[in-house]
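Enquirer: Start from chain A and add chain B according to the hints.
So the sequence lines, in the order shown, correspond to chains A and B. Residue numbering for the first sequence follows the working numbering, starting at 410 and increasing by one per position. Residue numbering for the second sequence follows the working numbering, starting at 410 and increasing by one per position.
Worth flagging that the hints you see were computed from the coordinates, not collected in a lab. There could be a bad hint or two in this list.
Any copy, or any two copies together, can satisfy a pair, since identical chains are not distinguished.
Unchecked claim - Cross-link-like lysine-lysine pairs, in silico, DSS-like; alpha carbons within 27 Å at most:
hint, residue 1, residue 2
1, 526, 513
2, 425, 534
3, 528, 562
4, 526, 425
5, 483, 497
6, 511, 497
7, 425, 528
8, 425, 483
If you're wondering where the values come from, they're calculated on a predicted model, not measured in any experiment.
Each chain, written out:
There are 2 protein chains.
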Amino acid sequence: MNICSYSFEEYFSLIKSFHGSTAPGIIIGGGMVDIALREMPENTLYDVLCETSACLPDAVQLLTPCTIGNGWLKIVNLGRFALTVYEKYQGRGIRAFLDAKKVKRWPEIESWYLRLKPKKEQDFKLLLAQIREAGTTICSLQEVTVSPQFRAKPKQNKAVTICPGCGEAFPAQTERFCEACRGHSPYLSFDFTNETTRQTAFS
Amino acid sequence: MNICSYSFEEYFSLIKSFHGSTAPGIIIGGGMVDIALREMPENTLYDVLCETSACLPDAVQLLTPCTIGNGWLKIVNLGRFALTVYEKYQGRGIRAFLDAKKVKRWPEIESWYLRLKPKKEQDFKLLLAQIREAGTTICSLQEVTVSPQFRAKPKQNKAVTICPGCGEAFPAQTERFCEACRGHSPYLSFDFTNETTRQTAFS
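Isolated chain A, as found in the complex:
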């Protein structure tokens, strides 16, 4: 069985170069993307929702046109190992999840999924072999409708203002200062360095 348009080996090396390691979650996630997409009517314009930020989003970004940066992939962090491919405008879609009942047949997968033993005690080779043999038989599908407030929003052309605090542009409603300057900066300290020497044209 292929994972979308890739063979298992191709997907495996794709994971390595993008995700850094061949994490079990992204291998299983690839199968979940594949079986969910197969159930969608052809030529559907779809978005994807991931119920965890761990691993699964990378499977989606590698196998579909949906990425975090283009807004077609959204993460709603519920901690469940599940993803939903859904029709962009009405929200009807297919949810694929790792099925705890089906996983029981594969002790090493179950142990990884339910964190029954510390990572260093896992038999990674056996885990990988079981994942490969199990394929998508450990997953289940559901028909769902994604609630409007959880669907990917079309890009809004909100007005942009220059913040008098930092001098940078931000999407303003009525606020004068940007969120960072209103006390939500993620930084401890600022030391402005004017590094213009490094900056050049692209070509």
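Expert: Just chain B now, kept in the frame of chain A:
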């Protein structure tokens, strides 16, 4: 000038295949990743923080080992067009941002950045030519320290429980039911379909 290890043309086609379109933000973002990385001491183990979910995260995911799925890329949505590459454990890093003052020299870039005209009135060809000529001269850098609470967290091996509502595993502290079953499901309705026929081994 290259964008990390790619020529401008290579990066351009990489964007197209991953992000779907050659959005201005991801081209400029590529230059921001490049100049921020150049200022980091060699062999630093780094994570990345993006201050917007639009476009920039995809530049980071294409050019660095940091992705949403492996947890080394974090989005703190402040709506500012900025990213920070920082040393993983102490948080010291380099913030690159699109500089409103420097952008003034490039009317089409300024118009795009400050949303001075509707998208359909933008001259995309001219915008692209200006982005290419301006390169990273429209960006500025700052030395920052990312606050501990905003740094990417090392993966915690939280205990996992089966939710009696949905039957799926979730990371539990003291809760009996998962967040979705406690009223935060992103779905309107559930129709369980048992689609086992499609599921096969990977090979």
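Enquirer: Would you mind marking each hint as holding or not holding in the structure?
Expert: Outcome of the hint check:
no.	hint	in the structure
1	526 <-> 513	within (15 Å within a copy, 57 Å between copies)
2	425 <-> 534	within (16 Å within a copy, 36 Å between copies)
3	528 <-> 562	between (38 Å within a copy, 17 Å between copies)
4	526 <-> 425	within (24 Å within a copy, 42 Å between copies)
5	483 <-> 497	both (12 Å within a copy, 25 Å between copies)
6	511 <-> 497	neither (30 Å within a copy, 38 Å between copies)
7	425 <-> 528	within (19 Å within a copy, 37 Å between copies)
8	425 <-> 483	both (23 Å within a copy, 20 Å between copies)
Hint compliance for this structure: hint 6 alone is broken.
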